[in-house]
Structure formats: C-alpha cells, structure tokens
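Numbering-wise, the sequence shown is residues -18 to -1, 1 to 397 according to mature numbering (1 follows the signal peptide of the UniProt record, and there is no 0).
Note that these hints are calculated values from the structure, not bench results.
There's no promise every hint is true.
Restricting the straight-line Cα-Cα distance to at most 35 angstroms, the calculated cross-link-like pairs of lysine-lysine (DSBU-like) are [as the list claims (entries may be wrong)]:
#1 K217 - K57
#2 K132 - K115
#3 K115 - K83
#4 K247 - K132
#5 K189 - K76
#6 K267 - K128
#7 K132 - K356
#8 K294 - K267
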Amino acid sequence: MRLIWIFLRLPLIGATIAVISTPPKSAELVRLRSLESIDRKQIFTSTSRNSTGFPRLPTNVVPNYYVLHLDVALKSFSYTGIVTINVDVLEKTKTIKLHSKDTEMVWVTVADGGGLMDSAYYRRGPVLVIVTKKPLMKGPATIQMKFRGKISRTELTGFYASSYNNYYEVNRDGSEFVALTQFEPTGARTTFPCFDEPGLKARFDLKINVDSDYPVDILSNMPSWYDQNSTTVDKTFRRTKWFQPTPVMSTYLLAFAIGRFECLKSHSSDGTPVRVCTRPGESSKARLSLDATVAAFDYFTDLFGVENGIRKVDVLAVPRFSAGAMENWGLITGRQSIFAPYLDHLDTYKKHLLINIVAHEVVHFWFGNLVTMKWWEQLWIKEATSSYFETPFAMNFVPEEDQKRFTSDSVLNEG
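Could you put the whole structure together from the sequences, leaning on the hints where they help?
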C-alpha cells in the first residue's frame, strides 16, 4: 500500500466446504442459550500476544477456505451475508476465536465430521469467541455465520461508499457512488467474520448480489464465472456475480467494488487481461495508468521469474481513498487523482508519481501478496522491497535522467 500525504510523498514503512444452506431450527436460539453447561473461563480467556504485546488469535484453529455470500442493498447502504469457513483444528479444543467487529451476528453454527455441534458465541472487543459443548478433535471442521452490516458513508476503511458528486459525504439523494473495500490492515473484520491476521492465509470464494436503483457492475480480485442481470417488479436492478476462487492470501487483500465503471482494456505479454476502470466518461484520463500497469506486470513477471497466480489485473480509480493506492491481488484500488488525473494538470512530477505508484503496487503481487509477513511488525519488509523495485522499473519506462530528477525531488520533499 502506498500512502500519499498532502505535502509529502512517503512510502509506508512502518478442501471441501460443507456449506450449510439453512441453520438448524434452534440456531436463532444459539446466541440466547444459557451457557450453564459451558465453562465461562473458556470465553473470557485472553488471546495470545506477540513479542510486541499486541493481541493475537490462538493458532489451535486456522482457516483454509472461505465461501462468502453477500446480499447488498445500495439504496439503504446495508448488506447481509453468510460466510462458511473451512478450518483445520490443530489441537483438541472447545474454543474457536476469530475477528468480528461492527457487524450484527444472526446465527453461528459449528460442524465437524460428526455433524452439527451444540455451541454458543460471545463477543469480546473485536474477537468473536465460539464455544462448543463437546470438544472439537484434530481435523477439519466448518464454521458458518450469518451476519448483517452497513456500508460506511463516513469512514474510508472496511466496506464504504465513495461519492462521485460530493467528495466528503455520501447522501441518500440518489446520486451515484462506488461502494468498495479497503481492508488493510484490519478492515476485513468490520465487513465479515474472519481470521483477520496476515499470517492466517486462505482461499476466498466470493458471490455478491446487488440491488440498486441503476445498473451496476461488480469487481473483485478474480474473474467471475457467473454473471446475471435482472430487474424486479419494482424496477430495482439486480446484479449477481460469482467469482473464481482466489489464490491463498491474507484477508486484507480481499477486495470488491460495486458501481458504474468505464474501463480501458489491454493485456500483458502472457495474455493476462489488464484494465483500468474509472467512473463513466473518465476513462480517457487513464491511458498512462493502463500503459504503466501492463509494462510493470511484464517487467516484474520477467524479473522475478515466478508466476503469481492471478488471472487478471484491474486498477480502479475512486474519488475518496485513504492511501495513495492498495495492492489488492488482481484489483488495485487508488485515488482518481493519481490513476485518472485531469490531463491539463498532469505535469512531469505527477506522471512520474503515477508510474512509481503503479510499479509499487504491482511489485506487491509478489512481495506481500504471494509471500506475506506473518505479522504487521514485518510490514516494512514488503513496503521497502516495493519501494526499492519501483525505481529500476521507472527508469526502464521513462528517460533515466527524468526518473533520477523525480527521485531526487521526492527525497528532498520528504526531508
């Protein structure tokens, strides 16, 4: 992820799924069930801590596959979801801990090889604690949860709305906006229950249904294998997309965006589709971003000699974004002012800034996405590596003297 400050340009250092389609009849009572038969000490036991003292999830239960289905109502800025998580139980336990924040839990079920288990759940801060009456034995298990959430109209993290017409506020006046995600570092847990740590990697199988007052598209990390448009009796537009499973990756790299987009298209030398998407009518401003993305993907694929497992590259320019850009695997997101700038404002410095940011995010496909730090205290490794490699690419893409001048000016500005 590249941070861009107003006055400074700073690199950031710092299995098979058992899907339960409907809950058991007693599932609505799970959250209300008396815990008399369950040891309360299991619920209130604190999470483990790393060397820096930050709370960590225990490693007795780890995820390997998510099936996430979301039903999104853009008009009400709300959504409901069901997430099914296939996990590996590494030690006999009655307790499962994962992250969940800012969403309303409807029901939770746990199943192992013997079927559904009696369980209860409890929140402690951002941690959701699930306690089973009988212990889970070592081996595979499945957690399924139904939840409700809101699309934020004020924050720039988690699942939020970015207006095309009002930069600072998204109103309910029918004006168009893009609803998108920004999960690094801990935004995923505010959108759906998950094991929200960088070292707890898994594959993600994502399906999204959207109801809207106008036709929209849905983007995510991977290409879709199912896509359907329909219109309801009350003239609501409905779009459904089911995406191909992702490579094994961290929760902070999962991304999706909903809105009306216009895309410039190309492809890399190995045939990987590459697009830069903007709001309708703005795609002509994204030609340099497209050329730089294709060139960067080719350059680093050849340089590193390792396939990164992604099947397409989209770059999405949005009005409001907390950082300069974000390296979501297959769906880079970032500021409209960077990826689709007004051409009469595109001076030499801004051209080089765009090229360096594109390179920085593409390098992350290998350093950060494919190879990932276990915890945030190693964040500097992926950011420093991406900052290092962006410069030789830029020197290859633009005249060397221009890039040296840009690098020198950037260092002086940072000082």
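So, going through the hints one by one against the coordinates:
Taking the CA atoms of K217 and K57, the gap is about 13 angstroms. The hint holds against a cut of 35 angstroms. Note on K132 and K115: the hinted pairing holds, with a Cα-Cα distance of about 32 angstroms set against a maximum of 35 angstroms. Straight-line distance between C-alpha atoms of K115 and K83 comes to about 24 angstroms, which keeps the hinted pair within the 35 angstroms bound. This hinted pair checks out: K247 and K132 have alpha carbons roughly 32 angstroms apart, not beyond 35 angstroms.
Annotation: proposed proximity of K189 to K76 holds, straight-line Cα distance about 31 angstroms (limit 35 angstroms). Restraint check: the Cα-Cα separation between K267 and K128 comes to about 41 angstroms, which exceeds 35 angstroms; the hinted pair is violated. Taking the CA atoms of K132 and K356, the gap is near 30 angstroms; set against the 35 angstroms cutoff, the hint holds. Restraint check: the Cα-Cα separation between K294 and K267 comes to about 21 angstroms, which is no more than 35 angstroms; the hinted pair holds.
When each numbered hint is compared with the structure, a violation occurs for hint 6 only.
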